[in-house]
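**Student:** Protein chains in written order, with my numbering: chain B, 67 to 490; chain E, 67 to 490; chain C, 67 to 490.
In case anyone wonders, no lab produced these hints; they're calculated from the structure.
Some hints here could point you the wrong way.
Calculated pairs, BS3-like style, for lysine-lysine (alpha carbon to alpha carbon, straight line, at most 25 Å) [said to hold, decoys possible]:
| id | chain 1 | residue 1 | chain 2 | residue 2 |
| --- | --- | --- | --- | --- |
| 1 | C | K417 | E | K179 |
| 2 | C | K183 | B | K417 |
| 3 | C | K375 | E | K112 |
| 4 | E | K203 | B | K181 |
| 5 | B | K387 | B | K417 |
| 6 | E | K203 | E | K436 |
| 7 | E | K181 | C | K417 |
| 8 | C | K179 | B | K417 |
| 9 | E | K112 | C | K112 |
| 10 | C | K112 | B | K417 |
| 11 | B | K375 | C | K179 |
| 12 | C | K375 | E | K375 |
Short derived list, chain C residues pointing at chain E, Cβ under 7 Å [unchecked claim]:
| id | residue |
| --- | --- |
| 13 | S218 |
| 14 | H219 |
| 15 | W246 |
| 16 | R383 |
| 17 | L405 |
| 18 | M409 |
| 19 | T416 |
| 20 | E418 |
Simulated restraints, written as ranges between beta carbons of each label pair [stated by the list, open to error]:
| id | chain 1 | residue 1 | chain 2 | residue 2 | range |
| --- | --- | --- | --- | --- | --- |
| 21 | E | N332 | C | A206 | 48 to 56 Å |
| 22 | B | E70 | C | E70 | 29 to 37 Å |
| 23 | E | D192 | C | R351 | 48 to 56 Å |
| 24 | E | M67 | B | V367 | 30 to 38 Å |
| 25 | B | E349 | E | A384 | 33 to 41 Å |
| 26 | E | L277 | C | Q69 | 45 to 53 Å |
| 27 | C | P80 | B | E349 | 50 to 58 Å |
Ideal Cβ positions, reconstructed from N, Cα and C, are used throughout, including at glycine.
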Amino acid sequence: MDQETAELLVRTGPGTAMGNLMRRYWVPVMLLSEIAEPDCAPVRVKILGERLLAFRDTQGRAGLIDEFCAHRGASLFLGRNEEGGIRCSYHGWKYDVTGQCTELPSVPNLACKMKLKAYPCIERGDILWAYMGPPEKQPAPPELEWSLLPPSHRYVSKRFQATGWLQAMEGGIDTTHASWVHRYELDHDPMHQHAKANKYIKADRNAVFDLEESPHGLTIFGRRNGEENSHYWRITQWIFPWFTLIPPFGPHALGGHMWIPIDDHNCWAWSFDYHPVRALTGEERKAMEDGKGIHVKVFPVTFRPLQNKDNNYLIDRAAQKAGHTFSGVEGIGMQDASLQESMGPIQDRTKENLVSTDNGIIMARHRLMKAAKELAAKGTLPPGRDPGHQQVRSVAVVLPQGTPFKEGAGEALKAKAGVAQTSV
Amino acid sequence: MDQETAELLVRTGPGTAMGNLMRRYWVPVMLLSEIAEPDCAPVRVKILGERLLAFRDTQGRAGLIDEFCAHRGASLFLGRNEEGGIRCSYHGWKYDVTGQCTELPSVPNLACKMKLKAYPCIERGDILWAYMGPPEKQPAPPELEWSLLPPSHRYVSKRFQATGWLQAMEGGIDTTHASWVHRYELDHDPMHQHAKANKYIKADRNAVFDLEESPHGLTIFGRRNGEENSHYWRITQWIFPWFTLIPPFGPHALGGHMWIPIDDHNCWAWSFDYHPVRALTGEERKAMEDGKGIHVKVFPVTFRPLQNKDNNYLIDRAAQKAGHTFSGVEGIGMQDASLQESMGPIQDRTKENLVSTDNGIIMARHRLMKAAKELAAKGTLPPGRDPGHQQVRSVAVVLPQGTPFKEGAGEALKAKAGVAQTSV
Amino acid sequence: MDQETAELLVRTGPGTAMGNLMRRYWVPVMLLSEIAEPDCAPVRVKILGERLLAFRDTQGRAGLIDEFCAHRGASLFLGRNEEGGIRCSYHGWKYDVTGQCTELPSVPNLACKMKLKAYPCIERGDILWAYMGPPEKQPAPPELEWSLLPPSHRYVSKRFQATGWLQAMEGGIDTTHASWVHRYELDHDPMHQHAKANKYIKADRNAVFDLEESPHGLTIFGRRNGEENSHYWRITQWIFPWFTLIPPFGPHALGGHMWIPIDDHNCWAWSFDYHPVRALTGEERKAMEDGKGIHVKVFPVTFRPLQNKDNNYLIDRAAQKAGHTFSGVEGIGMQDASLQESMGPIQDRTKENLVSTDNGIIMARHRLMKAAKELAAKGTLPPGRDPGHQQVRSVAVVLPQGTPFKEGAGEALKAKAGVAQTSV
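All chains should be modelled from the sequences, with the hints used to inform the complete structure.
**Tutor:** See below:
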């Protein structure tokens with residue numbers, strides 16, 4: 067990959083080609099639980115290189131505005147959130163959720179002229195989303211299946227990752243790595259244990275992958291040997307620009323991730339699990355809270371994992387030798403994070419050697435690059451903004467040999483309200 | 067404010083316009099208690115971007131010299147201070163308080179040719195001051211009122227602040243912020259409680275400010291409603307280039323600050339309280355040592371506050387909600403420091419929106435810029451170097467409406483030995 | 067010293083003149099104890115600015131290869147070392163000690179085309195050495211005396227130093243500093259106590275130094291007054307490009323150092339002690355393990371000293387005043403490290419003032435510069451690569467006045483198997 071294309075894909079600040087592309091979608095900003103109550107403490111958050119402040123006003127409206135006061139640049143994080151807005155502690159200037167200055171005590175008639183940058187917000191799927199692009203291009207709210215379910219049916223978590231967004235997301239698209247670094251979790255992770263699925267996965271490590279360009283992005287068809295006359299299929303989606311889905315293991319939940327740039331060297335790695343037609347059990351929810359499956363235990367406020375670069379991810383060479391973990395790092399999420407962080411904040415893609423199993427990554431990069439360039443050159447809006455396109459679902463299924471997946475289970479790829487997932 | 071002027075004001079290293087201006091004054095370097103005894107441990111200190119070493123020799127003379135040995139650049143901090151000078155531990159080269167090498171053991175006759183940079187020092191007001199400019203321009207020692215009093219009458223402290231000097235000093239000039247971020251301290255800080263003064267301050271938040279250019283710098287006249295037919299006046303001074311004074315609250319001490327560049331991203335924030343005609347009581351001194359009033363609890367040696375950026379200044383949202391603190395940060399000094407540090411190491415002054423209550427800041431910047439440019443262009447010495455000009459005093463007083471301040475209390479602005487301060 | 071020459075000497079990354087010179091020698095990489103067992107945990111190490119991974123395979127062969135997988139750049143530190151090579155945890159690519167990819171699971175026939183950078187290794191003197199230069203220029207293995215002795219006869223340690231290699235090595239060449247910063251250790255360090263030697267060293271601080279250019283590098287002859295009609299000689303060698311030797315104190319061990327660039331701002335400071343004809347006693351070995359003599363107590367894995375810049379080297383001003391240590395820092399190794407680190411990561415050599423006792427440093431710099439330039443210009447191989455040239459030994463001896471050292475003890479400078487060192 068040439069350096070110019072690599073740069074295009076990893077730079078997401080204001081004014082960059084990829085940053086502009088991302089600013090044509092609703093952006094996941096934070097967990098709603100971070101600004102749970104009216105007049106709660108304001109929260110600093112950096113997204114796409116912009117330092118912002120989120121808060122919930124007295125009426126319960128969420129706001130996402132510039133972190134710094136228009137007066138002399140003090141952080142509104144030190145402000146007071148009360149009586150309909152956030153007030154700077156330094157000289158009492160007050161702003162509402164639209165960024166409008168509503169009080170400027172020393173010169174009251176100037177207030178109307180002061181307005182901070184602010185982004186429209188929606189609340190969906192336990193998450194605060196913002197639209198950071200030009201108002202006239204604002205898309206309809208996202209309709210990802212998990213985000214529309216009752217809260218009881220899903221679990222959403224986030225963690226800080228010290229890499230740019232792209233190499234994080236590429237880990238989400240690349241399903242072959244599961245057979246390696248996550249291989250031992252099939253036996254002992256509570257969300258991955260399933261005799262039948264694991265039998266197939268372990269028996270046939272040379273899965274065959276087919277790719278399909280779809281309106282939402284990509285559909286990746288992975289085929290392994292099943293029983294004597296059947297194939298075991300695992301189907302995964304990448305949805306523009308930063309969503310990836312994970313097929314279920316037997317009766318376990320559907321899963322997925324979102325990979326959102328904090329800045330060019332750091333990202334938010336979001337993880338979710340959900341059942342389309344039932345609530346998570348207490349046991350399932352407890353396991354997710356405990357950092358099982360794709361979730362991770364994190365420090366409060368910063369969402370930095372307890373296992374991190376500074377403690378070598380608590381690598382345990384004895385557990386590695388004993389075959390409890392493949393890399394010595396405990397947990398699926400931290401196995402991915404540790405490998406991706408080990409590549410450096412921005413992987414040098416001019417030195418990589420991609421092979422056929424990396425076709426998903428190659429195609430996703432290609433589509434992102436193409437879409438970013440067409441937006442820049444012609445203003446063409448990028449794919450996947452139509453909520454209908456987002457209504458897809460990952461699948462794990464056994465089909466007779468010779469049956470093309472689409473014929474045997476194509477309908478299972480559609481997210482349908484009230485219909486359970488298809489899973490071996 | 068344009069970027070060019072902003073740069074001129076915040077760059078203070080050797081050879082800069084503002085750095086040259088500052089090098090025409092006596093510079094507060096450290097507390098005398100840091101080099102209390104003859105032959106004490108040497109102390110590293112960075113001032114105006116220069117790395118220096120302070121020590122007190124066997125005779126008791128204070129020295130401020132280049133931190134590094136002339137031989138091969140080892141730090142003299144690791145040296146031995148004994149028998150009339152500091153000896154480098156590496157090869158035994160020895161220097162006196164003038165920076166002169168007095169012993170060069172391996173080649174004795176070379177000693178006379180080696181001389182380190184050294185600055186003349188004076189000791190006054192519990193502080194070591196140095197003159198870092200051209201010898202022929204050295205002014206008379208400072209005669210700030212508090213610095214000439216018996217030690218019993220004053221308390222001086224310093225803290226490290228992670229911002230450039232200018233935004234720190236601007237906080238000292240700007241008195242309107244006291245009505246906001248410090249407002250709750252009027253009720254419970256031992257150095258600010260005073261029924262009458264606080265009644266006026268709370269009742270009239272829209273103080274009217276007048277400015278006067280003075281030989282020392284600026285005098286800022288703040289007027290609030292007093293009783294039915296009177297005004298409550300609080301008068302503050304900015305003295306070239308980095309002193310600010312604070313009017314008393316009732317019978318409490320006069321106060322003030324000095325804002326001294328460490329380098330362009332950090333400064334020493336000095337605080338002092340004093341009574342012109344009496345000693346501080348044990349209770350007053352104890353409160354100051356405990357970080358009350360404008361003082362702050364700091365770590366030893368580094369003088370970094372216990373509340374700092376790394377611990378979010380121990381922000382307490384419950385205390386903020388309860389109206390014990392306005393910003394959630396405890397203590398007047400740390401309220402200022404947290405807000406100023408939140409602006410970043412160097413505030414971006416091209417983005418600010420100053421209003422009429424910022425006139426003091428605007429005027430001080432203007433005078434500094436003008437003086438720096440005239441020094442650079444014509445060698446004109448900057449204002450306030452005459453010790454007589456420094457003998458001013460802040461005032462808090464109630465006068466009948468219609469009485470111009472100068473007529474009613476103008477004399478109170480002069481520091482006069484043996485005369486108590488004027489304060490409601 | 068001009069800036070251009072200073073730059074030439076301190077830059078050692080790939081492609082630099084000095085880096086190329088160093089890449090014509092065997093480079094000490096790590097302690098063998100760091101990769102003690104077959105299939106042990108791999109170890110990351112940075113040498114000459116290159117990030118590398120060391121491991122020992124199932125057969126016991128040591129490998130030193132690029133730290134990062136050829137596929138997508140994940141660190142092989144997170145890999146599995148088993149069954150004849152190190153396997154990347156991400157997708158299972160496997161490499162042997164030559165860097166050859168031996169398994170590429172998803173596309174097996176591509177494995178033969180993937181090869182990581184790898185350097186040939188030898189094991190000698192408790193140390194893993196690598197040759198990082200062009201294969202056709204590879205010299206014979208080093209034959210430094212201590213490295214060929216039975217392990218029982220020597221003790222080798224290393225510590226991390228936060229400076230470039232040159233100012234570290236210059237401390238090793240410069241023997242005059244011992245009379246200053248290490249002076250009090252002569253009385254109480256177990257490896258330096260010796261009544262006779264110390265009497266001479268203390269009585270005559272103005273040693274006279276003579277230099278001789280030798281095939282190995284430099285021989286430095288230091289002469290002090292001995293008894294009435296004799297001289298006390300201490301002879302030290304600098305061996306191209308980074309070895310320095312230390313003469314014994316009475317019956318104590320011979321000593322020395324190696325100064326190896328990690329990158330341009332950090333180096334490995336290696337220390338060794340040895341007896342040519344006998345094993346170290348348990349007491350001697352225990353003292354070295356305890357950080358006595360030239361050795362230092364370090365943290366595991368990082369080899370960073372327990373005394374370091376962040377804790378001011380645990381400087382003890384009372385011990386300094388009491389004459390237990392000269393600089394307040396405890397231990398010979400940390401006295402050197404603290405002074406050298408105090409000069410900054412790369413000492414500014416344009417500001418130094420060298421004197422006659424620095425002639426060893428001046429000459430070593432000159433020879434290094436000359437050799438680096440001749441290698442660059444003409445491909446001339448640098449000196450000291452011939453193992454025979456490395457077989458030298460430091461000496462401490464008393465000779466009658468008037469007897470030239472070479473005549474009286476010249477043979478003692480040769481390392482001879484089975485022959486004890488010459489020492490007062």
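**Student:** Taking only the CA atoms, is the gap from E/K181 to C/K417 under or equal to 25 Å?
**Tutor:** holds, 13 Å
**Student:** Sort out whether B/K417 lies within 25 Å of C/K179, counting only the CA atoms.
**Tutor:** holds, 14 Å
**Student:** Between E/N332 and C/A206, is the Cβ distance one that fits in 48 to 56 Å?
**Tutor:** Since the Cβ atoms of E/N332 and C/A206 sit about 54 Å apart, the hinted range of 48 to 56 Å holds.
**Student:** Would you check whether C/T416 satisfies its interface hint, that is, whether its CB is within less than 7 Å of any CB in chain E?
**Tutor:** Constraint on C/T416 not satisfied, violated at 10 Å.
**Student:** Within 25 Å, alpha carbon to alpha carbon, are E/K112 and C/K112?
**Tutor:** Judged against 25 Å, a Cα distance of about 33 Å means the pair is violated.
**Student:** Is the shortest C-beta separation between C/S218 and chain E less than 7 Å?
**Tutor:** violated, 36 Å
**Student:** Given the proposed pairing of B/K375 with C/K179, does the C-alpha separation stay at or below 25 Å?
**Tutor:** violated, 32 Å
**Student:** At a threshold of 7 Å, is the proposed contact between C/L405 and chain E supported by beta-carbon distances?
**Tutor:** holds, 5 Å
**Student:** Should the hint that E/D192 and C/R351 are 48 to 56 Å apart at their CB atoms be regarded as holding?
**Tutor:** The hint (48 to 56 Å, Cβ to Cβ) holds, given that E/D192 and C/R351 are roughly 54 Å apart.
**Student:** Within a Cα-Cα threshold of 25 Å, do C/K183 and B/K417 meet the stated pairing?
**Tutor:** Between C/K183 and B/K417 the Cα gap is close to 13 Å, so the pair holds against 25 Å.
**Student:** Given the hint that C/K375 pairs with E/K112, test it: the Cα-Cα distance must not exceed 25 Å.
**Tutor:** Roughly 17 Å separates the two Cα atoms, so the pair holds.
**Student:** With 45 to 53 Å as the target window, see if E/L277 and C/Q69 comply at their CB atoms.
**Tutor:** holds, 50 Å
Hint check: violations occur at hints 4, 5, 9, 11, 13, 14 and 19; the rest are consistent with the structure.
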